[in-house]
Amino acid sequence: MKLKSTVLLAALAVILPLAAQAQNVAIVNGKPVPKARVTTLLQQANRSGQPVTPEMESRARDEVVLREIFAQAAEKAGIPASADFKAQLELLRQTVLIRELFADYQKKHQPSEADAKAEYEKIKAASSGTEYHARHILVETEDEAKKLIEQLKGGASFEELAKKNSKDPGSAENGGDLDFAKPETYVPEFGQALAALKKGEYTQTPVKTQFGWHIIKLEDTREAKFPAFEEVKPQIMQRLAQASLQKYQEDLKNAAKTDYKFSAGE
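Residue numbers (the numbering used here): 16 to 281.
What the hints contain is simulated information worked out from the structure, not anything from laboratory work.
Idealized CB from N, CA, C, for every residue including glycine.
It cannot be assumed that every hint is accurate.
[Stated by the list, open to error] Below, a list of computed lysine to any residue pairs in the SDA-like style, where the Cα atoms sit at most 20 Å apart:
#1 K46 with Q65
#2 K139 with K46
#3 K139 with A196
[Claimed, not checked] For each label pair, taking beta carbons as the anchor points, the in silico distance ranges come out as:
#4 K132 with S172: 46 to 52 Å
#5 S127 with R82: 39 to 45 Å
#6 K214 with F241: 20 to 26 Å
#7 K122 with K91: 23 to 29 Å
#8 L260 with P66: 21 to 27 Å
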């Protein structure tokens, strides 16, 4: 029995240091560097969208050991006792606290699929309707626009006149093509004139907006297309989660008792 006890103790003497090593990345000047620090660094990288690769894990191990070496040097130099260090440490403490508070809130308040579907239907309803495929020619004066309209009446090509005369750099090269859009996406005067046209027609009198004078042509119309729920579900879930977090932040701000007056931009 005594022999067995001696062997057991000897085995434990070997196993325990190995077990301790398994929990640490290294020992720096007699102080262990826990593997948990590596895990935390990798989690932070993963949160920011970086994939955790073997190369990243290796860099993270190097990082935590270097940090320990430099931190020990800072301790030895008396840095922790300085007022500047203490002020920065408090700001850092608050940053981590706030980040974890918001992460915890979002984890516990994930939007449901029913919420996402309701939001989807609301957006879809607002986006439904008729889209108009328009072309236009933009010039600086009403007289210029009237002369171009006379040329169109004489059989001139709308696209060619747009290429030669339009001051709109975004569409002139494409013959004034503005693609499909809903009238309300344009300035009111332009949108109203466009919606009043029939397919193939152009405005018989120049349309004035803040950009100048327009001749507008309606090429075609179609019902607005909208993606299926599953295609946009991730974006909607993210949008709802962000809105919920912003409301939570605003509620905390409004509930706080303070004599501070926030700026108008807050």
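Evaluated hints:
no.: 1; hint: K46 with Q65; verdict: 30 Å, violated
no.: 2; hint: K139 with K46; verdict: 60 Å, violated
no.: 3; hint: K139 with A196; verdict: 15 Å, holds
no.: 4; hint: K132 with S172: 46 to 52 Å; verdict: 48 Å, holds
no.: 5; hint: S127 with R82: 39 to 45 Å; verdict: 41 Å, holds
no.: 6; hint: K214 with F241: 20 to 26 Å; verdict: 22 Å, holds
no.: 7; hint: K122 with K91: 23 to 29 Å; verdict: 40 Å, violated
no.: 8; hint: L260 with P66: 21 to 27 Å; verdict: 25 Å, holds
Consistency with the previously given hints fails for numbers 1, 2 and 7, ordered from lowest to highest.
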